[in-house]
Amino acid sequence: MTQRILVVWCPDWPEPGQDAGPEAARAFEPVVAAVEEFCPRVEVLHPGACAIGARGPARYFGGVRALATKITDAVSRHGFACRAGVADGLFAARLAARAPQPDGGEPDAAVIVPPGETPAFLAPHPVGCLGYPDLADLLPRLGIRTLGEFAALPAAQAANRFGADGALAHRLARGLEPRPLVPRPASADFSASAEFDPPAEQAERVAFAAKSLAERMHADLAARGLACVRVQIQVTCTDGREITRLWRHDGLLSSLAVAERVRWQLAAWQVAQSQERRSVASSDGITALRLVPDQMVRAAGRQLGLWGDSVVDDRVARAALRVQALLGHGAVTRPLLAGGRDPAEQVTLVPFGDAADPRHPAGRPWPGRLPAPSPATVFPVPRPAAVTDEAGAEVTVTGRALMSAPPARLSVGGGPWLAVTSWAGPWPVTERWWRPADSRRRARFQLVAEDGSAWLAAVQDGRWQVEAGYE
Amino acid sequence: MLPGEAVLPVLPPLRELLPAGGLQRGSVVTTGCWSLLCLALVAEASAAGAWCAVAGLPQLGVAAAAEAGLDPQRMLLVADPGPGWPQVVASLLDGCDLVLLRPPDHPPAGMRRRLEAAVRRSGGVLVVAGDWDGAQARLHIAGQEWTGIGAGHGRLRARRVQVVADGRGAAARSQARWLWLPGPDGSVTAADDPAGAPGEWPEARTG
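Taken in order, these protein sequences are the chains called A and B.
FYI, the working numbering numbers position 429 of the first sequence as 429, with every residue one higher than the one before it.
FYI, the working numbering numbers position 149 of the second sequence as 149, with every residue one higher than the one before it.
Calculated directly from the structure, the hints in this document are not laboratory data.
Bear in mind that the values here come from a model prediction, so they are computed numbers and not experimental data.
Be aware that a few hints might be false.
Computed footprint of chain B on chain A, listed as stretches where at least three residues anywhere in the stretch have a Cβ under 8 angstroms from a Cβ of chain B [stated by the list, open to error]:
no.	stretch
1	316 to 327
2	330 to 336
3	370 to 377
4	413 to 424
5	444 to 458
Pair by pair, the computed Cβ-Cβ distance ranges are [said to hold, decoys possible]:
no.	chain 1	residue 1	chain 2	residue 2	range
6	A	R441	B	P194	53 to 59 angstroms
7	A	S193	B	R15	55 to 61 angstroms
8	A	G330	B	D94	16 to 22 angstroms
9	A	E37	B	D94	34 to 40 angstroms
10	B	A48	A	R77	49 to 55 angstroms
11	A	A401	B	R173	49 to 55 angstroms
12	B	R120	A	P428	52 to 58 angstroms
13	A	P428	B	R173	49 to 55 angstroms
14	B	G143	A	Q460	30 to 36 angstroms
15	B	A117	A	D197	53 to 59 angstroms
16	A	S212	B	R15	46 to 52 angstroms
17	A	A167	B	G84	57 to 63 angstroms
18	B	R120	A	A419	43 to 49 angstroms
Backbone N, C-alpha and C define an ideal beta-carbon position, used for all residues, glycine too.
Work out the full structure: start from the sequences and follow the hints.
Structure (structure tokens):
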């Protein structure tokens, strides 16, 4: 019997084939947490989609439709667009989450395939959505265009003719499950655990044990040529409660850092507990700690080369981690200087502990890049400005980079009007004209005001803004 | 991390402006408003291997910092330290020799003294872009003029600034120096007094 599966799909994340990166996985965490409120066993398919078994929660929440609505509402409250789909089997549920709404339905409502109707739901889909590129190429040439036509073949013939992949694809096309849903702790083999007898009363003792556990876990993984991207920390209390939290781990985190995370987790839990006004004595002790590596990747060495030879000093790493504990992972960044035309574009801010490539590669020509000296102040969001000529009319620039009049007065961000003593420009910049979505046409100026301040201003779509200041 | 010298080095043209000829460990230095002067002040120490944390300055131009001589690989940026910024700054001081700070608000005297104690304890240097009552040294830019740009021609090439220093104790006497900040290649060098002989253009000097 095939399991009823509910898939939550967020269209804002890239498709699984594309490189998602650690940021996408982390950004998806709130969605997983929101879904976890409804069902503790959430399988993350890829950043952007996760699945739960629907039968149990649907009974509890009053039907599949009610469950799907509750989940999409909960995810939307976190500010993410999402769709839900329910069907027999993971494959059909994934398609249902992306399927267009049948005529007359609300656009955001979940697509629910009734039990037993999954083969009929799958039938009109093209064979391309099976995810086997070879078959997607071959089958249409044999005149088999849809899953329904493929499923109509006898299973034995499909296996004979198309091999193991074909047999698997044939099962999918018939609405059968090729594999059971694997709950998230899929990699229990590499977990490391410790028990505390008598129960540990203090977080320090647990954190200390976590350090040696993390060392053991790292050694186990490294021996198999693996590294894990996330680590799940499970803490069991004397009253049987289990606190589980997933933490990102990009290879830079030492065993010390894992211990630090255990400490944060316990701190967060103690705060939550005092809010619940539970008696502290009944559940204060911790009996077991378990570290489970999650989302394994092949160990490809650390990307220290990205930053040359500079290895992060332990003291610096501890300070950065402490600030991350206070403000969140993304609050502490290291700048990566690379290519790009704008002063703001040239810098990629990488959260401390992550490895990332600059958005714009260095070492390519960036025509129109500003020469040194670079501005010391680069506004994260350009500030609106107004530039007028002697007569007080706004200076405009034509498509052929001709100015209406020389700039004479400048006001930055609604500030006082200052006379422009010297200026240079317009320097036209036309970017990515071949891609309408993010193409830009601007004319840039350098303006020096009477108080000695110098600005990098640009006029785009008839509006002046200040991108940077040379203070 | 620099070994435990008592004074962190600064660029040569700034040495005479600071009481110890550099950035005294455990001290607070102010630079008036946020400007390239903050970056110039920490550039030499950063190039020599010190880590530099920057708090409360989302508008920091990293390219300008690199041109001034800072090593971006040894920078930590905390764009928004939030309402608990004193604790963030104290944590950063534990790890970094240099902390550049623009305080989001004016700290009460008690808080200020606690942070000063944290600076002394950690042996770092706190460079404040703004006011700080108990600072050991204060620099600010008193005047500036840009060269290389005219009315509709040229471009910004270099800026000559007058940096004025005053402070407490040995630094109580006010001093002023003219600097190229930035020079034509972004670096920081000494400049002639424009009131004297008209300053040569640095390009002409380097040939």
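Flag every earlier hint the structure violates by its number, smallest first. Violated hints (numbers, rising): 6 and 15; every other hint is consistent with the structure.
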